[in-house]
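Based on the sequences and whatever the hints tell you, model everything.
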Amino acid sequence: MYRTHTCGELRITDTGKKVTLSGWILRSRDLGGMTFLDLRDRYGVTQLVFNMESNAALCTEARKLGREFVIQAEGQVAERSNKNPKMPTGDIEIQVARFTILNYSLTPPFTIEDESDGGDELRMKYRYLDLRRNPLKNNLLLRHRMAYEARHYFNLQHFIEVETPVLIKSTPEGARDFVVPSRVNPGQFYALPQSPQTFKQLLMVAGYDRYMQIVKCFRDEDLRADRQPEFTQIDCEMSFVHQEDVLEMFEGMIKHLFKAIKVVEFGEVFPRMTYAEAMEKYGNDKPDIRFGMEFIELTGIAKGKGFSVLDTANYIGCIVASGCSEYTRKQLDELTEFVKKPQIGAKGLIYIRCNTDGTFKSSMDKFYTPDDLQGLAKAAGAVAGDLMLIMAGEKMTTLRALGELRLEMGNRLNLRSKNIFKPLWVVDFPLLEWDRETKRFYAMHHPFTSPKTGDIPLLDTDPAGVRANAYDCVINGVEIGGGSIRIHEEGLQKKMFQVLGFTDDEAERQFGFLMQAFRYGAPPHGGIAFGFDRLVSLFAGEDSIRDVIAFPKNNAARDVMADCPSEISDVQLKELSIRVQKS
RNA sequence: GGUCAUGUAGUUCAGCUGGUUAGAAUGCCGGCCUGUCACGCCGGAGGUCGCGGGUUCGAAUCCCGUCGUGACCGCCA
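For the first sequence, this note's numbering assigns the number -12 to the initial residue and increments by one for each residue that follows.
What the hints contain is simulated information worked out from the structure, not anything from laboratory work. Please note: incorrect hints may appear among the correct ones.
Unchecked claim - List of simulated lysine-lysine pairs, DSS-like, C-alpha gap at most 30 Å:
#1 365 / 409
#2 328 / 290
#3 4 / 112
#4 4 / 51
#5 327 / 426
#6 292 / 249
#7 439 / 426
#8 249 / 405
#9 382 / 426
#10 365 / 292
#11 327 / 290
#12 409 / 203
Quick caveat: nothing in here was measured; it's all calculated off a predicted structure.
Structural data, given as structure tokens:
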């Protein structure tokens, strides 16, 4: 028997017990006459004590143990004369009678402590050592509990988890597919699923009614802090539901997780905001509503003073930063630089200081009298002590830029606390998006999303104006999940493919099996998929989903620990009938 | 594909406008220490300054290229 107890469970009430513990040496403190070792396992840390007086030979041996050696120690639980209130086991220690080295360890390249001295790159290379640290361990435990609680909720709601295939048919729509060559079908490829979309719809056709799956999905696109090539979704689908039924069910799941894991309760239903409203007020389809600072449009009243920047703009909007009228020239310059970054691309930034003495100071004083400025301030609801930040230009571009500025101000003013959670549903997304490069419409969500019934006639006259039965769950400015009510009639689905520029042949070749299934009694259905990694990182307060994934890929989609991807042998290539172009 | 940042002991970093032997902390090794818990004290080892080229009397420092890493834009139905 390697252990009778874990390193996290012994307390003062266990004093006197003979116990055996196994674990890793966290650190040792050699005081000469006595030596203390901190023994760590998944459950905690327990202090082992060795004394020269009582057992010189053993104590001498214990001094030689290095960091991260794996040992098994037998001894008696004793009350400490000097207790350590900082650790749960701090009232006791083990007076070791005997120990065995189960394994040696090289000195780890960084310290296995909460505040490690290791950099990102190194910790990624030795991920298994990094995972020994509490922050990552706690994240993985949190992840486990969240998956467990999600399944618990869905089980109570009569959902069943069904596994869908990982080797599936490639389709050109949407993200780039990862492909897998088929050995027995030379020259042909599977794709890894970007999501189990078609399969969950087929499960609805099959009558399974309420489906969920915590499932790996794959997208061969560039990475971000919140994007990995393989990621996990909580994928769900329901039959005989309208949009409201779906929102209610999955809002319930989110609320359950918050209640069970974070002990946070939301009294009322999550706010609903249309896509149009989100863009108008926040310049963003995933607004962070932990703070206000909503846009105020000034297009109608700010023009006509001879300031060409405003006069030629088809949109003028502002945000009001309360209490920021004292911003220095340097701070204003920084904000201007911020919006002029190529990623944001604004031409400039106009400010109006609403001074506490009732006067106004603006970067456009040359064109606007104090009365004019007062008028603008009044329209924006700015009061003495506030700073108005104004942007103008082409409407969509300006809204987006103002949205970025709003988030930046939120950061600067510490309005984005990680301990506050503000969820909402963004609804009524456009069905289609025009792509300038390929000169065609793409489905904003996916091609199976149903249009709002009233907007169906617009499919022929004004496709861009068609709204979809599509919704996103947004928390703190993070898109946590998205879904839609699907098309379940063959006719409408055909129409949709037509609008997307598919010929009947192409539609048949790529989605024939789904279209065929729809001919056999597809029920009305809809669903949603949550980004599980993002949800966990939100709960964990982490900025990157890498911190909640056991073995993530780096920026360049590489596993630096395993050095993957890597080349394969000529034999493998030949078997797969693949020839690699040497560059 | 693009923009920005970054690369210096095992590790995390400092090293100003170019100037003699490249520093600190931590880790590691050795010594001392009987109540530590980030133990303490003393001593020691450890660096081709990512790589290649250039400018210069002289380059960790300036320039060009390249590679690695990170953030973002494009991309992500």
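Original post:
Which earlier hints turn out false for this structure, listed by number in ascending order?
Top reply: 3 and 6
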